[in-house]
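We have chain A; now place chain B onto it with these hints.
Top line first, the protein sequences correspond to chains A and B. The opening position of the first sequence corresponds to residue 1 in my numbering, with each subsequent residue numbered one higher. The opening position of the second sequence corresponds to residue 1001 in my numbering, with each subsequent residue numbered one higher.
Since the hints were derived computationally from the structure, they do not count as laboratory data. Glycine residues also receive a C-beta, built at the ideal position from the N, C-alpha and C atoms. A portion of the hints provided could be inaccurate.
Claimed, not checked - The calculated lysine to aspartate or glutamate pairs, modelled on EDC-like cross-linking and capped at a C-alpha distance of 16 Å, are:
(1) B/K1145 / B/D1006
(2) A/K198 / A/E153
(3) A/K134 / B/E1019
(4) B/K1179 / B/D1232
(5) B/K1093 / A/D105
(6) B/K1020 / A/D136
(7) B/K1224 / B/E1259
(8) B/K1275 / B/E1289
(9) B/K1020 / A/E59
(10) A/K107 / A/D89
(11) A/K134 / B/E1043
(12) B/K1275 / B/E1292
(13) B/K1203 / B/D1285
(14) B/K1145 / B/E1172
(15) B/K1162 / B/E1286
Said to hold, decoys possible - If the Cβ cut is set under 10 Å, some of the chain A residues that face chain B in the computed set are:
(16) R63
(17) D113
(18) M121
(19) G122
(20) S124
(21) Y125
(22) I131
(23) A132
Unchecked claim - Derived Cβ-Cβ restraints for the label pairs, each shown as a range:
(24) A/Q152 / B/E1172: 44 to 50 Å
(25) B/L1013 / A/P53: 40 to 46 Å
(26) A/G83 / B/K1093: 22 to 28 Å
(27) B/T1125 / A/I5: 47 to 53 Å
(28) B/I1250 / A/P53: 46 to 52 Å
(29) B/N1233 / A/N182: 50 to 56 Å
(30) A/N182 / B/S1265: 45 to 51 Å
(31) A/Q189 / B/F1278: 32 to 38 Å
(32) A/I5 / B/I1050: 41 to 47 Å
(33) A/Q152 / B/S1031: 29 to 35 Å
(34) B/G1049 / A/Q152: 17 to 23 Å
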Amino acid sequence: MQHTIEELEELARKCRIEIVKMVYRAQAGHPGGSLSEIDLLAGLYGTTMRVRPDQPDWEDRDRFILSKGHASPGMYALLAERGFISHEDLTTYRVLGGVCQGHVDMKWCPGVDFSAGSLGMGLSYGMGCAIAAKLDGSERRAFVMLGDGEIQEGSVWEAAMAAAHHELGNLKVILDRNRIQNDDFCETQMRMFDIPAKWRAFGWNVKEIDGHDMNDVVDGMNFLSETNDGPSILIAHTVKGKGVSFMEDNPAFHGAAPNDEQYAQALTELGVSV
Amino acid sequence: MAATRDGYGQALLELAENEKVVVLEADLGKSTKSLHFRKAYPERTISCGIGEQNMLLVAAGMASSGYIPFASTFAIFTERAFEQMRNGVARPKLAVHLCGSHGGTHTGTDGSSAQSIEDLAIYRTLPNVTVMHPSDEVSTRILTKRLAASPNPSYMRTARNKTPVLYDDVPEDSIQIGKGIELKNGNDVAIVACGVLVSEALKAAEMLAEEGISATVVDMHTIKPLDTILIDNIAKRCGCIVTAEDHSIIGGLGGAVAEHLSMTSSTPLERVGVKDRFGESGQSDEMLELMELSAPHIANAARRAIQRK
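Looking at chain A on its own, in the form it has when it is part of the complex (with noise of 0.2 Å):
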């Protein structure tokens, strides 16, 4: 299924309105990092993900693995836009007995295919997919996508060069590179320097773009569906929070809800009439 960019765009616009609802309902959950990964979300299901929404444990779908779980609205939302689950569903996110658990949980939620939440998993788990899928003679293909704080993580270097070992060309990483993470900024936390070079010097192709021009969105998501000969990993520069002023590069709003005001605020930037 091929989307026009402005219809890429548009469904963006959707699932950042969707953010920010679930997470001002909740009044908890982590807002800045759904909205530096939608962009990226709306593209690779909007092009690229061989999913059925109608049935989503088909044996040979794509795998996506949201590693950095805690981004679960970001998530939620593209699937209940897709139709994996109901935009009813989206009001259980935090809610007892939800299936918008507060991470994604693929125990709860249909179309999630692993259960994270705790940083640094998700790449070694997309590595397991990627050798299944090889090892099954299978075209399907595992995305992972990853938090630049997240690569802080000591056991997402041991799963890049293993990955590169085992020439894994249907394992494709996407970073959000939003520069922001739980406490601060990451260059305050623990300055990463050349992060493309240190993929490359793991084995791995490396393509970078701006996470929210959606016309760069689908070249990396091109760049990724062509690059076969061993790993591939898009990094993305992206805003924190990016689509609500108040939000956006604002390390306050890693993991905070809005208030009644700001709530309203942040649907009137998004083109809602409240």
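Same frame as chain A, now just chain B:
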């Protein structure tokens, strides 16, 4: 005499006809004995280098895709991937089978850094996870093969060094996950042991027999789920219980039995185990002496338990 890790290696080979069985290694295949599988089936063996955290989750990803992964390293090194086991394997209930070889102080001269004495305790706290520590090569082989059909993830500890073969001529059906095995039937005291201490428990029973004390000896190869029916039966019949394990007295087999008995009866319980300390370099037999785990110590514990009846 044979080492339980050899039983593990043999079982993997026997499981290989199932094409969904895959083996993961973290540079210790020669030691854990998965190397035999790797030699025969290199395309189904995934080298993860010296990276245990990655290995556990690669296994989880493969399990989610329909494979039956057996991952192994030293028991002590599995522990650095505990959170991966907790969050990435146990929580989504992916049937990854983790084998920790070289468990316990019995491992010997490598010293305390290599002697895992807490593995059974930590894995036992995880929902969905089966925890085992078989006593000999034969039962290890049979139980490993049974894991391939289990819907639950598992942790199994094997030992580096040789111990007596206890199940040379038994039908395979008599060894089942979650069912303790009564190796000796007595009425005065019940010794419940696992792993390398089962043969020591049998020796202790012989020592006690010379004093006219008749002891039951149970090989409790599965620590979780614990065979509580058997525990209740022997508690009733013998009136006192001794547990024996090459593991901390905190949280392992002794802990599991104590937790159960605390809710069901006031049966006196003595726990033989590593007394909240670390080991050191020494031969296996020297370590069992130093840690007060060998047959005479088990027999002493039995006498204490009988006195408390």
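- Query: Which of the listed hints are not met by the structure?
  - Reply: none
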